[in-house]
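Can you make the complete structure from the sequences, with help from the hints?
So the protein lines, in turn, are chains A and B. Quick note: the first sequence uses this note's numbering, first residue 3, plus one each step. Quick note: the second sequence uses this note's numbering, first residue 8, plus one each step.
Treat each hint with caution, since some may be false.
[To be verified] Simulated coverage check for chain B against chain A, where a stretch passes if three residues somewhere in it have a Cβ under 8 Å from a Cβ of chain A: (1) 171–182; (2) 271–280; (3) 309–319.
No lab work stands behind these hints: they were computed from the structure. Just so you know, even glycine gets a beta-carbon here, dropped at the ideal spot from N, CA and C.
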Amino acid sequence: MANLKNVTKKTKAQAMGMHSEVLTGRTQQKFFNPDEAENFYYFGTYDVDFNKRTDLDVKDMTAADANKEIDNLMSQGYGTIVIKNPQGKHSIGVGILNKLNLIFEGSLGYFGIGSCDGPIVRINGRVGWSCAENLMAGKVVIEKNAGSCFGAAIRGGDLICKGSVGARTGIDMKGGTIIIGGDAGAFTGFMMQRGRIIILGNVGINLGDSMYDGTIFVGGEIGSYGSDAVDAELTKSDQDWLKRKLKVAEIGENFNVSKMKKIVAGKKLWNYDNLEPTEKKGAI
Amino acid sequence: MCGIAGLIHRGKSSKVGHELQGMLQALKHRGEDSTGYALYGDTDGKNFIMRFKVGENVGEGSTSVAEDVSVYDERKKIVDSYLSEMGAKIIKEDRILPYSLRYEIEYNKKDLLEFSQKIESIPGVEILSMGKSLEVIKDLGNAKMVCDRYNLDKLVGTHAIGHARMATESGVDIKSAHPFWGYPFSDVSVVHNGQLTNYWNNRRALENKGMRFMSECDSELIAVYLAEKMRDGASLEEGMKESLTGLDGVFTYFVATKDSLGMAKDTMAAKPLVLYESDELVAMGSEEIAIRSILPQEIDTYDPFDGEVKVWQI
Numbered sequence: 003m004a005n006l007k008n009v010t011k012k013t014k015a016q017a018m019g020m021h022s023e024v025l026t027g028r029t030q031q032k033f034f035n036p037d038e039a040e041n042f043y044y045f046g047t048y049d050v051d052f053n054k055r056t057d058l059d060v061k062d063m064t065a066a067d068a069n070k071e072i073d074n075l076m077s078q079g080y081g082t083i084v085i086k087n088p089q090g091k092h093s094i095g096v097g098i099l100n101k102l103n104l105i106f107e108g109s110l111g112y113f114g115i116g117s118c119d120g121p122i123v124r125i126n127g128r129v130g131w132s133c134a135e136n137l138m139a140g141k142v143v144i145e146k147n148a149g150s151c152f153g154a155a156i157r158g159g160d161l162i163c164k165g166s167v168g169a170r171t172g173i174d175m176k177g178g179t180i181i182i183g184g185d186a187g188a189f190t191g192f193m194m195q196r197g198r199i200i201i202l203g204n205v206g207i208n209l210g211d212s213m214y215d216g217t218i219f220v221g222g223e224i225g226s227y228g229s230d231a232v233d234a235e236l237t238k239s240d241q242d243w244l245k246r247k248l249k250v251a252e253i254g255e256n257f258n259v260s261k262m263k264k265i266v267a268g269k270k271l272w273n274y275d276n277l278e279p280t281e282k283k284g285a286i
Numbered sequence: 008m009c010g011i012a013g014l015i016h017r018g019k020s021s022k023v024g025h026e027l028q029g030m031l032q033a034l035k036h037r038g039e040d041s042t043g044y045a046l047y048g049d050t051d052g053k054n055f056i057m058r059f060k061v062g063e064n065v066g067e068g069s070t071s072v073a074e075d076v077s078v079y080d081e082r083k084k085i086v087d088s089y090l091s092e093m094g095a096k097i098i099k100e101d102r103i104l105p106y107s108l109r110y111e112i113e114y115n116k117k118d119l120l121e122f123s124q125k126i127e128s129i130p131g132v133e134i135l136s137m138g139k140s141l142e143v144i145k146d147l148g149n150a151k152m153v154c155d156r157y158n159l160d161k162l163v164g165t166h167a168i169g170h171a172r173m174a175t176e177s178g179v180d181i182k183s184a185h186p187f188w189g190y191p192f193s194d195v196s197v198v199h200n201g202q203l204t205n206y207w208n209n210r211r212a213l214e215n216k217g218m219r220f221m222s223e224c225d226s227e228l229i230a231v232y233l234a235e236k237m238r239d240g241a242s243l244e245e246g247m248k249e250s251l252t253g254l255d256g257v258f259t260y261f262v263a264t265k266d267s268l269g270m271a272k273d274t275m276a277a278k279p280l281v282l283y284e285s286d287e288l289v290a291m292g293s294e295e296i297a298i299r300s301i302l303p304q305e306i307d308t309y310d311p312f313d314g315e316v317k318v319w320q321i
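See the structure below:
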């Protein structure tokens, strides 16, 4: 870890006497020793066997009961669980923190597959708003369409929708990859901070509005660019990555990636100045 | 947060009262302060059906002031006398609740403005709907409670829209409940989910043009806004498209007329809507579970995009 106390190069703000606090707080503490990895215990995880398979009919269950039963099945070592009759229920398949093959035979409502870390999920249907919110790792494949806020704030993993998605896809995302086979709505990539979004179809207005970082690839037409979203050169490396990613995602394998547009953050927003607006006025 | 739902059968009739009840009940977690139905029933199209109220529901949770039933009776008498004065003949009369009435009226004039103004000049009286097919029924409580109270389960028709309300910006009462009648146009109704931020500016402008508001609910603006556009000669779809820029805020709303059903979504796409569309049926709601209540089998649904307007015919 870098010794921040000894950094000699000063920013303009620091030179003016601002941001002079010494960083000695909680963020500088060492919380674990990598050599003691065998002692780590990830609460709520199970060792499951992918070959141990079962069905779960949730038709007459509440979302809470369905999630508890999924947890119970994982505790028994089931590594492949097929959910029958989800019928658009909300908040199913959430908080799964280990490897698991989870298959939904039908559609989900809002907040499906939220806060997961590791499962491979296939949804043979549609999903409502905020699917896979806060995904840390794993792979989620949706065979039909998805609602708005698809992949909100994800930090890792692959999130694939073979149909079209609503507005604000990848809002506030901090990593991972979102792949859309169809069209995407307004404000796609709104305030995204890291990660990549691939849209094979058209995208609505305000694409990449106020994005901090990350990359958006678009195959179709763009309604309009959001604040600070700018075009960038599509490199050979980008194209190779796109081909590989689309192939692994089982989507658009033959798509002509060389015609795709690449959008990144222009990084001209005020928050890149390291100064608060009032400080900025003083510095001018 | 409120929930809206709508459906239209194309080429056939069905028990739309029962179907809409199921859809709205599935959305009751989005609000159950009040629930409203706009049902387009099968009629012979000869007479008007006027749904009106002569008072408010003052039950649990209501923000209305209690009145004696004799006050309702007195208002009803004045309504009857005004109808007679205007040459309207009451063919059938149902007093479903002390404050809520349904009249079948023979009335030959097409312009309902003068008619409505006369009836609503009686303090405490509000026409909930006027049309040859439309019936607006709204009251406090969730969808099942209202359906049972007004015996809507058996109503057969072609299309319907409804609203499950969580009161946020106006009172818990019938006058603030949705759907809103597109006064003074026969058979026009509106439900809305969202907030309109230029309500007062638009209201003042529309009132200066002679349009009428019965509540302080921002959603009523949509009905009045569209009515004004149609009064000026615009089609329903044209009016809806203009509303995307004329109305400010976040909204998804449905409009229904005698033979059509439409939806509009604001340019921010901030309010949810899930849509199922086939040759026989269009069903839509704030959440997919509303549609699932009438179509439990696996179906293809989607979210309309920002700034989208769609209209379907029966």
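Status of the hints after comparison with the structure:
By the rule of at least three residues with a Cβ nearer than 8 Å to a Cβ of chain A, the coverage given for the stretch 171–182 of chain B is violated, with 0 such residues. Three residues within the 8 Å Cβ limit are the bar, and the stretch 271–280 of chain B against chain A gives 5, so the coverage statement holds. Look at the stretch 309–319 of chain B against chain A: 5 of its residues bring a Cβ nearer than 8 Å to a Cβ of that chain, three or more, so the hint holds.
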